[in-house]
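Protein chains: 2
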Amino acid sequence: MKVTALSGGVGGARLLRGLAGLDEVELSAVVNVGDDDIIYGLNVSPDIDTVIYTLAEREGSQGWGLADDTDEVMEALEKFPLDTWFRIGDVDLATNLFRTARLRSGWTLSQVTTAQAAVFGVQTSVLPASDDPIRTEVHLPDEGWLSFQTYFVDRMHQTPIDDVRFSGGWAASPAPGVIEAIRGADMVVIGPSNPPLSIWPILSIDGIADALGGAKRVVGVSPLFGGRPLKGPADQVLKGLGLPDGTAGILAAYDGLLDELVVDTADMADLAADATTDVELRALPTRISEPEAAVALAAQLVAL
Amino acid sequence: MKVTALSGGVGGARLLRGLAGLDEVELSAVVNVGDDDIIYGLNVSPDIDTVIYTLAEREGSQGWGLADDTDEVMEALEKFPLDTWFRIGDVDLATNLFRTARLRSGWTLSQVTTAQAAVFGVQTSVLPASDDPIRTEVHLPDEGWLSFQTYFVDRMHQTPIDDVRFSGGWAASPAPGVIEAIRGADMVVIGPSNPPLSIWPILSIDGIADALGGAKRVVGVSPLFGGRPLKGPADQVLKGLGLPDGTAGILAAYDGLLDELVVDTADMADLAADATTDVELRALPTRISEPEAAVALAAQLVAL
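Read top to bottom, the protein sequences are chains A and B.
Residue numbers 1 to 304, in the numbering used here, belong to the letters of the first sequence in order.
Residue numbers 1001 to 1304, in the numbering used here, belong to the letters of the second sequence in order.
Any given hint could turn out to be false.
[What the hints assert, rightly or not] Anything over 10 Å on all C-beta distances counts as not near chain B; from chain A, calculated:
#1 W85
#2 T108
#3 R165
#4 P176
#5 L304
[Stated by the list, open to error] Quick list of the computed label-pair ranges, beta carbon to beta carbon:
#6 S1061(B) <-> Q111(A): 37 to 43 Å
#7 K231(A) <-> L1140(B): 53 to 59 Å
#8 E57(A) <-> G1207(B): 58 to 64 Å
#9 A171(A) <-> R1155(B): 36 to 42 Å
#10 P285(A) <-> S1061(B): 54 to 60 Å
#11 P81(A) <-> R1155(B): 32 to 38 Å
#12 P1141(B) <-> Q111(A): 33 to 39 Å
#13 Q111(A) <-> S1105(B): 28 to 34 Å
#14 K231(A) <-> R1104(B): 28 to 34 Å
Just so you know, these hints were derived from the structure itself, not from any lab.
Just so it is clear, CB atoms sit at the ideal spot from N, CA and C, and this is done for glycine as well.
The whole structure should be built from the sequences, with the hints applied where relevant.
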């Protein structure tokens, strides 16, 4: 069974790990690149790294980077007059040096990502949503537009936002294999990532929303538990953009795209309230920080 | 006494350490930037780093980088499909990340270098020869032009060369303070660096050779010992460029620039043979790998 999953960072990566644990699933991941940036001159792709590190079972507990990484470079860098709010562990830095060196030598981000997945022993086909630069930017009422990393890492996503845009998305093409992976899948899953910040940048790329429209079956997984995300600002972002609270907000964010939406059992009460939607709603246990729970959820999704 | 020294990497840096050890000397270093390159996307300035690390008494024994540095990043990077012949230790990498980040934020290389020297507790005024990019390239009879780092590090300078050029030098200006440091010095020293590869790139910058012509006194220090350098390809490069062997080659490389040339006591025999030159020749012990020897040589230079 061919499954293609759209993914941001932590939540989406955990669902990917669950899906990758099912023998019957041939899995492709289409990963957000709107969080990509240039930090200290290095091309960082935080969501691709989180997906690959999680699939390799080496992800850091803090929501980025690698488990048990050392910190020699950042400790030295702190002595210089430079903001070092973007932390990169030593082994994680090697990933970013490889990516930067190869992009500068003419490789595409897809080629870099395929090589990176191989180095980490990851079998899943990990596809950047695009090889072209797309930058998610958020608007703060008092400050104007900020880059995603400034908002998310430096400000720790504590500041309310009232708009979001995907700079460059209009000119970006889907990476090779992305459209085929969506059209050819028996099921497309939109992972439990932040809809406006992690999934909309993927959908902003010319042709991807259309391909989803032609997909056999599109199943969303809500990132909310009792109306709130486990971490990250999904509820605040939905609110700031004027979307409804809770499950209704997720349905609005994915308006016209979903055949089914899976919510956590804690949000089962929302199912009745959202009875007006065409989308089929299901409640399943969606807390998947533990790999076993992720595999269990993946098995239930595949069995739907 | 104001002393300004032109310097490449190891040999020049050691003489700088000696000069910096003299209380009566107010020292400025004008450092070669022709070895600068972009490696793994990072702006590397090997000679500036060697000068600052040596002045801080933290230089690596291998001729680059820092003593007792760790190697977490490079060990991880080796797992990727990428040539990793350019090694950068972890703490050295922080220097390069700082430089890259600040250059990208609009700082000049001079500003970066001043901040870097302060972080390493270096009092000497360390000036890049230019804030503009200059790239030393060497010509191989069979292969054409190679970047300096490819020739020097990847090929380990084992390949004969027959020409050298300084790409961008024609468009480069001296960094702020360089001309003043040369004109205002009581003595300008050209350190025991490779003349064509480390000093010519400095001299290729518009105005620097002229400033030397107007300097009070210019003293060269030969990098040769019995006609050969301690390390590096200085003798081979002089030969490949058609210059004479030994002291005569150094004199030819600095034709018209020097008031005096200091050679090692091992090359004292050359003094008679080169009696046709206008340059005043002196023999002194110039083996300065040990800091005490460097201070002793510096004291003799200053007393000349």
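The hints, checked one at a time:
no., hint, in the structure
1, W85, "holds, 12 Å"
2, T108, "holds, 14 Å"
3, R165, "holds, 23 Å"
4, P176, "holds, 19 Å"
5, L304, "holds, 39 Å"
6, S1061(B) <-> Q111(A): 37 to 43 Å, "holds, 38 Å"
7, K231(A) <-> L1140(B): 53 to 59 Å, "holds, 56 Å"
8, E57(A) <-> G1207(B): 58 to 64 Å, "holds, 59 Å"
9, A171(A) <-> R1155(B): 36 to 42 Å, "holds, 41 Å"
10, P285(A) <-> S1061(B): 54 to 60 Å, "holds, 59 Å"
11, P81(A) <-> R1155(B): 32 to 38 Å, "holds, 36 Å"
12, P1141(B) <-> Q111(A): 33 to 39 Å, "holds, 35 Å"
13, Q111(A) <-> S1105(B): 28 to 34 Å, "holds, 29 Å"
14, K231(A) <-> R1104(B): 28 to 34 Å, "holds, 30 Å"
Going down the numbered hints, you'll see the structure goes against none, and every one checks out.
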